[in-house]
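S.K.: The listed protein sequences correspond, in order, to chains Y and C. Under this note's numbering, the residue at position 79 of the first sequence is numbered 79, and the numbers go up by one with no gaps. With the second sequence counted from 1, adding 1000 to any position gets you this note's numbering.
Hints are computed from structural coordinates only; laboratory data are not their basis. Every residue gets a Cβ at the ideal spot worked out from N, C-alpha and C, and that includes glycine. Heads up, a few of these hints could be off.
Once the Cα atoms are required to be at most 25 Å apart in a straight line, the calculated SDA-like pairs of lysine to any residue come out as [unchecked claim]: (1) K63/Y x K1003/C; (2) K63/Y x T1048/C; (3) K1003/C x A307/Y; (4) K165/Y x Y199/Y; (5) K63/Y x A307/Y; (6) K63/Y x A1002/C; (7) K63/Y x H1014/C; (8) K165/Y x E58/Y; (9) K63/Y x S1066/C; (10) K1089/C x R166/Y; (11) K63/Y x A1012/C; (12) K1089/C x Y199/Y; (13) K165/Y x S1066/C; (14) K1003/C x F1074/C; (15) K1003/C x P64/Y; (16) K63/Y x I1098/C; (17) K63/Y x T1020/C; (18) K23/Y x A1012/C; (19) K1003/C x R1064/C.
Reference listing, derived: stretches of chain Y covered by chain C, where coverage requires no fewer than 3 residues with Cβ under 8 Å from a Cβ of chain C [what the hints assert, rightly or not]: (20) 32-46; (21) 59-70; (22) 289-299; (23) 321-333; (24) 367-378.
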Amino acid sequence: MTVGTVIIGAGQAGLSAAEALRKRGYAGPVTLLGDEAAPPYQRPPLSKGYLSGELPAERLWLKPEAYFDAASITLRTGVRASALDRAGRRVLTHEGEAIAYEHLILATGGAARRLSLPGADLPGVHVLRSLAEADALSDALSGARRLAIIGAGYIGLEVAASARKRGLEVSVLEAADRPMARTASPLLGGWFGALHRGYGVDLRVSTGVAAITGADRADGVRLADGERVEADLVLIAAGLVPGTQLAEAAGLDCADGILVDTHARTSDPDIFAIGDVARFDSDLYGRSIRLESVQNAIEQGRAAAAAICGAPADYDPVPWFWSDQYDRKLQIAGLIEGADAMVRRGDPELGAFALFHFQDGVLIACEAVNSAPEFMTAQRLIAARARPDPDRLRDTTVAMRAFLS
Amino acid sequence: MAKITYIEHSGAQHVVDVETGLTVMEGAIRNLVPGIDADCGGACACATCHVYVDPDWMARTGERESMEESMLDFAGDVRDNSRLSCQIKVSEALDGLIVRLPEQQG
Ligand SMILES: Cc1cc2nc3c(=O)[nH]c(=O)nc-3n(C[C@H](O)[C@H](O)[C@H](O)COP(=O)(O)OP(=O)(O)OC[C@H]3O[C@@H](n4cnc5c(N)ncnc54)[C@H](O)[C@@H]3O)c2cc1C
Ligand code: FES
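Using the sequences and the hints, build the whole thing.
M.R.: See the structure below:
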């Protein structure tokens, strides 16, 4: 009997790999280990519809309970892997169990970054990555009037929008000179900043935080310039720390993520890593990248399954991502880092527009606000390393379809 | 509850009861109907939940909204009765709905 594939991390990527193994007819046992109590669920709504109260928890599950039996996937929730025994090809659990594998997939995601600020450990200070954290945040919002959010990335801004919908006063404090500074262009970041201010968010950029204040509970934030912002609770939204601990302890190559090749294989040929935790070489962008998106979790999971089934295919995606804030849908295709020219299509004043980013004349990214045709077309153009004519792109009388022929 | 029939491209039929308030996409996922990937989980961002609504039901499933319209524009093999199933809310009025699945999503 074969010992099969063990997947550590029952999130978006781990589930995708398990599902893809079965779709490909993989015959061995598939075991999906997750340390959370909940079955695999969608994280995107945690800062959006789930937090604003529009979506109940049971609509977060990625699969119904019956799926796992039907697909013969052994889902074990509430089980934490604590070490890898590579020589013995076993996963050791927190409870002292040893689970043998032929192939192992690390799909451990990561944890919300906590800041080493004074006061960061006070009750009333929240982070948001898991359902349990979303529930804690949501409960705290119920009794609160004012929320302070440290960090104006996607999660910080989405929570700001959801909290405004729930009627709270919201301050967002960002150290960089604009929102979404790490991944979005200045124009887009500025536009979202104005959107949030229009909805009444007290958004402050170029604003350092010195401490979270409060004696036995957070009661606000002290800024670097000494000013105090009062709040009933504080959310630290400062990004993700990839969950590389198991891999590092087992001696796998890691560098801000577990390093994998284009088949999602780590430096140990029997071990794969996928999703938010994995860093791989992008041929499209000519550098190593680590993506934090649903698309990447799903597709890299499929790539690992393909390799395990003996049908490896190079994983070289055009990254894409979406974010919903108020009634705006942002869709981003590609990565903007390294862009040297930008073309705007549509009118930001009217709330629907797209920004196309080029490097040496090649389209590398598109940021689309309520502009799905631009987003969808850009995905294909970026994959083809196309050089669309900037003047025609700017011209909204030229349909996006025209660029595909 | 509404009874919905999902017909796979192969012709295989799945007749299932779907709670009102869910979407036609969720009805498929919850009842293990294969062929709807729904990568974005219903955010109208991926176009991998494409279905063909039976012509008799088109009036009752309502109009596409503009975001859905644009996303569909880029799905494979789009027809007049194409919809993104995550954008169709299930109500009692859809009891008996029939949708067909395209050959491949995405
Ligand atoms: C609030 C929020 C909003 C988001 N919005 C969007 C969005 O709009 N669009 C988008 O594309 N992406 C969004 N994302 C990102 C997206 O959710 C992630 O990219 C995706 O979930 C990554 O999947 P994953 O499987 O790699 O990690 P996860 O989904 O985090 O799954 C990893 C799992 O592994 C478990 N685990 C870790 N270590 C162990 C261990 N030792 N033993 C057992 N289990 C372990 C973890 O507890 C977790 O359950 C959002 C994320 C968050 C948090
Ligand atoms: S599930 Fe993604 S568009 Fe319907």
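S.K.: Does each hint hold? Answer for all of them.
M.R.: Evaluated hints:
1. K63/Y x K1003/C: holds, 20 Å
2. K63/Y x T1048/C: Distance of about 16 Å is within 25 Å: holds.
3. K1003/C x A307/Y: violated, 40 Å
4. K165/Y x Y199/Y: This hinted pair holds, its Cα atoms lying about 9 Å apart.
5. K63/Y x A307/Y: holds, 24 Å
6. K63/Y x A1002/C: holds, 20 Å
7. K63/Y x H1014/C: It holds: about 17 Å lies between the C-alpha atoms, which stays within 25 Å.
8. K165/Y x E58/Y: holds, 21 Å
9. K63/Y x S1066/C: violated, 29 Å
10. K1089/C x R166/Y: holds, 24 Å
11. K63/Y x A1012/C: Cα-Cα ~21 Å, so holds.
12. K1089/C x Y199/Y: This hinted pair is violated, its Cα atoms lying about 28 Å apart.
13. K165/Y x S1066/C: holds, 23 Å
14. K1003/C x F1074/C: Judged against 25 Å, a Cα distance of about 30 Å means the pair is violated.
15. K1003/C x P64/Y: holds, 18 Å
16. K63/Y x I1098/C: holds, 22 Å
17. K63/Y x T1020/C: holds, 18 Å
18. K23/Y x A1012/C: holds, 17 Å
19. K1003/C x R1064/C: Roughly 22 Å between the alpha carbons, so the hint for K1003/C and R1064/C holds.
20. 32-46: holds (count 3)
21. 59-70: Holds: 7 residues of the region 59-70 of chain Y have a Cβ under 8 Å from chain C.
22. 289-299: With 3 residues in contact (Cβ-Cβ under 8 Å with chain C), the coverage given for the region 289-299 of chain Y holds.
23. 321-333: holds (count 4)
24. 367-378: holds (count 6)
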